[in-house]
Amino acid sequence: AQKVTQAQTEISVVEKEDVTLDCVYETRDTTYYLFWYKQPPSGELVFLIRRNSFDEQNEISGRYSWNFQKSTSSFNFTITASQVVDSAVYFCALSEFSTGRRALTFGSGTRLQVQP
Amino acid sequence: DSGVTQTPKHLITATGQRVTLRCSPRSGDLSVYWYQQSLDQGLQFLIQYYNGEERAKGNILERFSAQQFPDLHSELNLSSLELGDSALYFCASSVEGSGELFFGEGSRLTVL
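Heads up: the sequence lines are chains A and B, in that order. Under the working numbering, the first residue of the first sequence carries the number 59, and numbering increases by one thereafter. Under the working numbering, the first residue of the second sequence carries the number 35, and numbering increases by one thereafter.
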């Protein structure tokens, strides 16, 4: 069965610090997607990134970057020069391809508090 | 704005009652997913529909049921409500095969 683990329950940083959110996943499938979603205090789930299992290239989008390593089954998310607006709960998620089931399995989330 | 619409946004009801949550997917999306987010259980997948047919089932209680209508909107019915059913219920839709789910803003259910 698939599983996503976000071991960091809560992280608190001061503005402008860099912060990395860890995500470790388990799957028996060779084809799968990994995701990060952001849930700000308002409650909605905001899509940040999707990565398929064949693409291990790291990705950078502005202050956000993602490091995907199949060898360690990890898909970590780094925010550079954090800002107060980054305060939110961040979820890592996995969906398997071969089973035909596209529903995402979410980790338990990491609450990020960025202090001014 | 994800394009997924959920109503109502907030709902307060009593134990033993029944409620219906409604979801309109993004235009063109055939798949609809329902998730429950509670404090102690995190984001739990409940059920998926694709073009009117049930595609996958997650941790959905027998007291809960869902359906997807010909116009592709979906409804999640929660009956014999218990205090523990208080949660944020999300609907998401996707283009089949894309792997990416677009979430609505959620319906917050409070059972008193």
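Simulated from the structure, these hints should not be mistaken for lab results. Check before you lean on any hint, since a few could be wrong.
Stated by the list, open to error - 30 Å max Cα-Cα, derived DSSO-like pairs, lysine-lysine: (1) A:LYS128 to B:LYS43; (2) B:LYS91 to A:LYS96; (3) A:LYS128 to A:LYS61; (4) B:LYS43 to B:LYS91; (5) A:LYS74 to B:LYS91; (6) B:LYS91 to A:LYS61.
Here is how each hint holds up against the structure:
1. A:LYS128 to B:LYS43: Given pair LYS128 (chain A), LYS43 (chain B) is violated - Cα atoms ~39 Å apart, limit 30 Å.
2. B:LYS91 to A:LYS96: holds (25 Å)
3. A:LYS128 to A:LYS61: Given pair LYS128 (chain A), LYS61 (chain A) holds - Cα atoms ~15 Å apart, limit 30 Å.
4. B:LYS43 to B:LYS91: Holds, at about 24 Å.
5. A:LYS74 to B:LYS91: With a Cα-Cα distance of about 43 Å, the restraint between LYS74 (chain A) and LYS91 (chain B) is violated, given a limit of 30 Å.
6. B:LYS91 to A:LYS61: Holds, at about 16 Å.
Checked against the numbered hints listed earlier, the structure breaks hints 1, 5; every other hint is satisfied.
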